[in-house]
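A.B. asks: Sequence:
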Amino acid sequence: MAAKTQGILAPKGYTCRPIVPAEKAELLPVARAMHREEFAPRVKKLFDPEREAALEAIETGIYIGWRIPSFKHDCVRVGSSSKCFCGHLLSEHGRYDGNSVRVPCGMASCKCKVFAFIPSRAEDVGEYWLQRRPNFDPRSWRAKCKCKHTHEEHVATGMRQCRIAGCGCGRFFSNFLCCACDKHWEEHETVFETERMRKDEGIPYGEAYLPFHELPGLRNAVLTGREDDDSQYMALTSGRYAIP
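In our numbering, the protein residues as written are 1 to 244.
Keep in mind the hints are simulated off the structure, nothing from the lab.
Be a bit skeptical, because a hint or two may be false.
Across the chosen pairs, the derived CB separations fall in these ranges [as the list claims (entries may be wrong)]:
no., residue 1, residue 2, range
1, G168, K45, 35 to 45 Å
2, H184, P104, 17 to 27 Å
3, E52, G106, 13 to 23 Å
4, P134, N99, 44 to 54 Å
Backbone N, C-alpha and C fix where the C-beta goes; we use that ideal spot for every residue, glycine too.
All chains should be built: construct the whole structure from the sequences, respecting the hints.
C.D. replies: Dropping the structure here:
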């Protein structure tokens, strides 16, 4: 029989301790020590897509996020270079006008009716080790289903069943977890919002939408590749082209 210990189910005879996530303050010195002078440039490279997405959102007032429906923050900031489940970029889909969330794909013969963000880099799902493999081509990486076939080998609409002959997969179930929340792809949704919508819902917008906005050093690293360079942030908040 299993017993509950502090709300956690544990087999009889075993002790159980809840795992407490490390605080950011504990992790950053370790990461800096490991990568030294490469730390900030690596942070920038890793978050370049989200930096671009955040700046696009701040400029246009249209925010596109990928998150768990109950969350008040985005797991991923989605931009024009982000990929849809159908295999095409957001820039190849229709434009969001603040009303309809139906942003269909504009590519010929593609039946996708609604943009659905899908990770497009190995590092987006925590598979950092792939970059160390000889002859690994980042451009060839695709998110996969538990049936071992890629999202592009599944139907882009409906239940997104697998199209590979002989595969009995009737629905896409990701074989990876979100790096931000440790939940599966299918538990997330792609949300299109205006600045006003986010403000009304208490969701970050404007400068608060920048990656690591609450951590100045990391925020600067994402924007400029240097923790001590706040020039980009100052330009966004108080310069000629400051965020209103």
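A.B. asks: Hint numbers the structure violates, sorted upward?
C.D. replies: none
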